[in-house]
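Residues per chain are reported as follows:
Protein chains: 2
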Amino acid sequence: MAVAKKTIQLKPGGRVWINTGEGGLVGKGRIELLEKIEELGSIRQAALSMEMSYRHAWQLIDEMNQHAHMPLVISNRGGKGGGHATVTDKGKELIKLFNSFSNSFQKFIDKQSEKFKL
Amino acid sequence: MAVAKKTIQLKPGGRVWINTGEGGLVGKGRIELLEKIEELGSIRQAALSMEMSYRHAWQLIDEMNQHAHMPLVISNRGGKGGGHATVTDKGKELIKLFNSFSNSFQKFIDKQSEKFKL
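Line by line, the protein sequences are chains X and U.
In terms of my numbering, the first sequence is numbered consecutively and its last residue is 118.
In terms of my numbering, the second sequence is numbered consecutively and its last residue is 118.
Just so you know, these hints were derived from the structure itself, not from any lab.
As the structure is a computational prediction, the values presented were derived from the model and not from experiment.
Keep in mind that the hints are not guaranteed to be accurate.
Since the list can't tell identical chains apart, any single copy or any two copies may satisfy a pair.
As the list claims (entries may be wrong) - DSSO-like cross-link-like pairs, simulated, lysine-lysine; straight-line CA separation at most 30 Å:
(1) Lys90 x Lys115
(2) Lys107 x Lys96
(3) Lys90 x Lys11
(4) Lys115 x Lys92
(5) Lys11 x Lys92
(6) Lys90 x Lys28
(7) Lys111 x Lys11
(8) Lys28 x Lys107
(9) Lys28 x Lys92
(10) Lys115 x Lys28
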C-alpha cells in the first residue's frame, strides 16, 4: 500500500524541572530569573529585563525561598541606591545544577532523535 | 553559618512528548488512548476506560491522524457490533517508539537523581 510507505517526520521533545520539595518546581523561567538577579543585582531590573512585573518576580522568589527552606535570594528593599538583591551560594548552586541537568537533557534528546523515524 | 549547612531535598523531574510535525504533540495521554483502542478495539470503550468523553477521544484521534498525515487509527462507525477501531501498523510503531523513549527518559532521570543534593 502506498500509504504504508510514507514516513512521518518525528521529533522527540520535552522539558525538565527540579522539584525542591512540597511541590516547589523550578524550571527554565525561574532559573533565568535567578541568573538575571545575579547579573543585575536587582529584582526590579531582573523583572524588567524579562518583561515580567516586579510583583510577579517577587512572588516567584518568595515561593522559591520558602520551598527551599532557605534563602536563594536575599534582598534589601529600599536603602541607598534603591534595593539590592543577591543570589546566595545555595541559589548559585541551584542555577548550576539546573543548567547542567538541562544540558544533559538536551544531549539525551539529541541522541534519541537518531532513532526517530516512523 | 547554620543556614548554609542545611541541604534541600531536590528531585529532577520532567516530561517528554513526540512532535509529529505541524505542532502535533503526542504525549503520555494520547499514547495511552492508542493503547486502549488497540486493547479494546473500540474508541468508545477506550474513552470510557479513561474517563474521557467519546467526542474528546474522537477529536484526539482525528488530530493525530491529520498531523501524522496517515491514519494511526482506522475506525468503522456503526456497522454490526457497533463500530470497531483498529490501530494501524504505523500507530503501533508510534506506541512502541514513545514507550521506548519514555523508558529511556525515566532511566535518564534516575541517573540524574544521584547528582541532586544541594
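Checked hints:
1. Lys90 x Lys115: Cα proximity of Lys90 and Lys115: across copies only (15 Å, versus 38 Å in one copy).
2. Lys107 x Lys96: both (17 Å within a copy, 22 Å between copies)
3. Lys90 x Lys11: Classified as between: cross-chain Cα gap 15 Å, same-chain 35 Å, threshold 30 Å.
4. Lys115 x Lys92: Intra 36 Å, inter 16 Å, cutoff 30 Å: inter-copy only.
5. Lys11 x Lys92: between (33 Å within a copy, 17 Å between copies)
6. Lys90 x Lys28: Result: close within a single copy only, 17 Å intra versus 34 Å inter.
7. Lys111 x Lys11: both (11 Å within a copy, 23 Å between copies)
8. Lys28 x Lys107: Both, since 16 Å and 21 Å are each at most 30 Å.
9. Lys28 x Lys92: within (14 Å within a copy, 33 Å between copies)
10. Lys115 x Lys28: both (26 Å within a copy, 19 Å between copies)
In the structure shown, no violation is registered for any of the earlier numbered hints.
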